[in-house]
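> Could you build the full structure based on these sequences and the hints that come with them?
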Amino acid sequence: MPYFPQLQSGATSQFPTRRRIEKRTVRAESPEGREWKAADGLWRRVEWRLELGGLTSAEWAAVEGLFHEVEGRRGSFTFLDPVGNLLAWSEELEREAWTKDPYLEITREVEDPWGTRRATRLRNTGPVPQKIEQALGAPGWFQYCVSVWMRSEVSGEATVFARTGTAAKNETVQVGGAWRRIVRPVKLTCADELVRFGIELGAGGEVEVFGLQVEAQGGASRYKKSGSRGGVYREARFAEDTLAVKAEGPECYACTVRVVAGL
Amino acid sequence: MSEYPKLRTGGAAQYPSVKTIGYRTEVLRFVDGSEQRYREWGGPVRRWELRLDLIDEEEWGRLEQFFEQNQGSFGGFRFEDPGDGTGYEDCSFGGDELEWELEGESRGRTVVVVEENRT
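Protein chains in written order, with the numbering used here: chain A, 401 to 663; chain B, 343 to 461.
FYI, nobody ran anything at the bench for these hints, they're computed from the structure.
Note that CB positions come from ideal geometry on N, CA and C, so glycine has one too.
Warning: the hint list may mix true and false statements.
Stated by the list, open to error - Computed footprint of chain B on chain A; a stretch qualifies when at least three of its residues, placed anywhere within it, have a C-beta under 8 Å from a C-beta of chain B:
{"id": "1", "stretch": "418–426"}
{"id": "2", "stretch": "432–438"}
{"id": "3", "stretch": "593–606"}
{"id": "4", "stretch": "642–655"}
Here it is in structure tokens:
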């Protein structure tokens with residue numbers, strides 16, 4: 401499966417980046433001037449406009465290579481939303497997008513660092529480590545950044561992890577009574593196309609978590625709440641059949657790329 | 343009916359903000375030069391163009407979620423006129439597209455069009 405490449409910085413895009421959502425509504429006007437609407441509920445399209453500058457020849461070659469591989473608008477590729485949270489249901493950990501071990505107890509509507517009640521309490525009631533994770537159909541070798549706020553009434557530790565079938569990064573963090581944002585860049589060495597991100601608690605462990613976020617870049621940006629749709633788009637396409645590059649100097653290229661994806 | 347989301351400041355709009363009030367009138371002109379006019383819509387229709395600068399990811403997230411919930415221009419919601427605070431009970435997004443430009447971390451901008459529904 402082809403992927404939209406990451407730049408050498410580990411990110412997919414640069415500022416400014418545009419993201420547009422499109423829906424579809426049918427409108428009809430009756431003779432007395434009333435307007436009737438019907439929503440095409442299943443139709444949704446997202447378009448990104450990436451303005452890439454200062455590209456090295458290797459970075460440009462990767463973008464150009466993908467464009468040739470999918471033959472312009474014809475073929476599809478996987479695109480990781482550069483301005484979104486890759487995880488789905490970032491605040492609803494009991495949803496089907498998440499896989500949790502049986503002894504892990506989830507309590508919702510716990511007070512979060514912003515004073516609202518959007519955090520979740522995780523409690524391991526079993527005698528062995530228990531985890532909650534979400535699998536993303538994304539390249540295991542990409543640069544990611546996992547971030548999450550944590551605290552615990554009973555000080556303890558939790559493990560933030562990224563795992564594929566052949567590689568893993570586990571980082572155990574000390575969790576105290578105050579909210580703290582844990583930010584962990586992850587870059588695995590593997591060729592797997594499924595990455596699982598999650599949190600593991602030892603026997604009897606208890607933590608409160610908020611703002612789980614995974615981004616395909618080296619650092620964490622501000623937290624973005626996600627719903628049913630995470631930021632991995634497996635059927636993305638180029639929006640145009642042409643791709644122009646501007647050589648601004650030796651080893652310095654610029655291009656504008658438009659990518660579209662449906663549901 | 344749901345309510346249009348507020349920004350962090352508690353407001354819904356920033357300057358400059360444009361409000362348009364529109365009627366639709368049909369004019370029939372007869373051969374003798376006289377005219378008959380009648381209205382096509384039941385009343386005035388208001389439209390607000392909200393230009394939002396320096397909005398952060400949380401504000402954008404709320405706006406995007408609200409747009410999705412309303413399925414673009416399909417759904418109706420209550421909108422409070424940012425100019426005079428009058429509440430309009432049945433409004434919708436003016437189009438089926440919502441674009442966000444991120445110029446930097448927490449420096450997003452967008453233009454939202456809200457219009458009153460003709461019922």
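> So which of the earlier hints does this model not fit?
3 and 4
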